[in-house]
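J.: Here is how the chains run, residue by residue.
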Amino acid sequence: MTKKLQNTTSKTAPLLALAALVLIWYFVCDREIIPAYMLPSPLKVINAFKDNFGVMMKQATVTLQEACYGLLIGIMIAFVIASLMDRFDFLYKALYPLLVVSQTIPTIAIAPLLVLWMGFGMAPKITLVVLTTFFPIAIGLLNGYKSVDNDSINLMRAMGAKRYQIFRYIKIPNALTDFFSGLKISAAYAIVGAVVSEWVGGFEGLGVYMTRVKKAYAFDKMFAVIIFISAISLLLMALVTVLERVSTPWNQKNLNKKR
Amino acid sequence: MEILKAEKINKSFGEKHVLKDVSLSLNEGEIISLLGVSGSGKTTLFNVLSGIYTPDSGKVYLKDKDITGKPGEISYMLQKDLLFPYRKVIDNVCLPLILSGTKKKEARKIAAPLFKTFGLEGTELQYPSQLSGGMRQRAALLRTYLSSHGVALLDEPFSALDTITKSSIHKWYLDVMNEINLSTVFITHDIDEAILLSDRIYILSGAPGTITTEIKIDVPKPRDKDFNLTEEFLNYKRQIVNILHLS
Numbered sequence: 000m001t002k003k004l005q006n007t008t009s010k011t012a013p014l015l016a017l018a019a020l021v022l023i024w025y026f027v028c029d030r031e032i033i034p035a036y037m038l039p040s041p042l043k044v045i046n047a048f049k050d051n052f053g054v055m056m057k058q059a060t061v062t063l064q065e066a067c068y069g070l071l072i073g074i075m076i077a078f079v080i081a082s083l084m085d086r087f088d089f090l091y092k093a094l095y096p097l098l099v100v101s102q103t104i105p106t107i108a109i110a111p112l113l114v115l116w117m118g119f120g121m122a123p124k125i126t127l128v129v130l131t132t133f134f135p136i137a138i139g140l141l142n143g144y145k146s147v148d149n150d151s152i153n154l155m156r157a158m159g160a161k162r163y164q165i166f167r168y169i170k171i172p173n174a175l176t177d178f179f180s181g182l183k184i185s186a187a188y189a190i191v192g193a194v195v196s197e198w199v200g201g202f203e204g205l206g207v208y209m210t211r212v213k214k215a216y217a218f219d220k221m222f223a224v225i226i227f228i229s230a231i232s233l234l235l236m237a238l239v240t241v242l243e244r245v246s247t248p249w250n251q252k253n254l255n256k257k258r
Numbered sequence: 000m001e002i003l004k005a006e007k008i009n010k011s012f013g014e015k016h017v018l019k020d021v022s023l024s025l026n027e028g029e030i031i032s033l034l035g036v037s038g039s040g041k042t043t044l045f046n047v048l049s050g051i052y053t054p055d056s057g058k059v060y061l062k063d064k065d066i067t068g069k070p071g072e073i074s075y076m077l078q079k080d081l082l083f084p085y086r087k088v089i090d091n092v093c094l095p096l097i098l099s100g101t102k103k104k105e106a107r108k109i110a111a112p113l114f115k116t117f118g119l120e121g122t123e124l125q126y127p128s129q130l131s132g133g134m135r136q137r138a139a140l141l142r143t144y145l146s147s148h149g150v151a152l153l154d155e156p157f158s159a160l161d162t163i164t165k166s167s168i169h170k171w172y173l174d175v176m177n178e179i180n181l182s183t184v185f186i187t188h189d190i191d192e193a194i195l196l197s198d199r200i201y202i203l204s205g206a207p208g209t210i211t212t213e214i215k216i217d218v219p220k221p222r223d224k225d226f227n228l229t230e231e232f233l234n235y236k237r238q239i240v241n242i243l244h245l246s
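Protein chains in written order, with numbering that gives the first Met the number 0: chain A, 0 to 258; chain B, 0 to 246.
Possibly wrong hints are sitting among the right ones.
[To be verified] Cβ pair distances, simulated, as ranges:
(1) Tyr163(A) to Lys115(B): 31 to 39 Å
(2) Ala111(B) to Pro105(A): 39 to 47 Å
(3) Asn149(A) to Asn9(B): 22 to 30 Å
Hints are computed from structural coordinates only; laboratory data are not their basis. Glycine included, every Cβ here is placed at the ideal spot set by N, Cα and C.
Model the full assembly from the supplied sequences, consistent with the hints where possible.
T.: Written out as structure tokens, the structure is:
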């Protein structure tokens, strides 16, 4: 009972906070504390959202395609690199610092370079998504692989397990939870990466649409597309959560849900 | 018939000489205990027997086959059950079969009837986290049984359990051992447990650890549940306590 109550509070609290923020926003616009051409009222944004939903959806299919291809390739590269780094210690020592440093390079700085190298098509977008998404996944997998305790590995050896069997039966399932934590972050990065990349150069996608409405000083449409992008990021993260629940049925919280 | 034999095992880690000329033998169907205070090298010996460590000198034989430093022949069970949380109980138990190339379906078929023998009916499709400590140890023992080639090494398997669970699991253990043929090396520091379960007890002591005494527990099995209250039991216990204190 108390638990249920706590759950409801933890779900309603952020909603209340959001409602309060929107109210303040509405109030500020209504009293013209900030002029309407700089900050559109929430009502106008909602209207813009409704009116442009079809257009945004059409642009979103492009952006989502880039994000998903990038994410999938990112997962594959992360899996290969993390697995090799776990298998060969010298690779781990050689690459780990480089991976960390690579994350300090701002996405926005490489995006135009990629456009220059690869043109205005999908290739530079997908590449940017791969670059931003593979790191959290690779780190998650590495942590998962490394957290297998030595007693388990020794027991597997005593039971006659070969190296690849230890990897398949112990390391991979053990890394799944960490993998999904990484994937959740990457899913959000993927959308942002795709949008930023479209922003700096392209013909279609939500990023391009954003630059267009920006040039028209259509602030209400700007806000609408920002909310739209947040929403699809959240949806993608939710999808990952569902995927995690399905593929790690042994986790305590998932077991409790079943009962 | 001798099923497992260790001959003059020596093992050092750097400067530290841990095992010195340790020899022991295990006959088929027998339960022997290695009893010793902590630090006497019990666990090191154990890792040598299972092939995880290679001894500096000495040999380990399984049915006359030299298995020194070769893991994969003899499995073991620790105080930690080491059941893998992401596999259902039956798939944990089947793992050794799957590792040696049996198909999952076949492996499950082999393991299923043993759940009854081990008192684990109904837990097959649960995850380890849903079982109690005692049940998890039972499942771990079943897994060890399925990976053994007739020999199992148990390193203080029941020492993490509370006294009541422990005494009921001892009874269970002896019952199960009556039904299956498993020659066992049992490591413990619990004197009562050693006398209760073993056919013979090796006492390991000193640094470096050597086997100082071998005691035969001449009480037929199955043993009465009040065996640990008899004069005979106490005599064995007195004898062991004296040896452990002298050395």
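J.: Would you mind marking each hint as holding or not holding in the structure?
T.: Results for each hint:
no.	hint	verdict
1	Tyr163(A) to Lys115(B): 31 to 39 Å	holds (34 Å)
2	Ala111(B) to Pro105(A): 39 to 47 Å	violated (58 Å)
3	Asn149(A) to Asn9(B): 22 to 30 Å	holds (24 Å)
Hint check: a violation occurs at hint 2 only; the rest are consistent with the structure.
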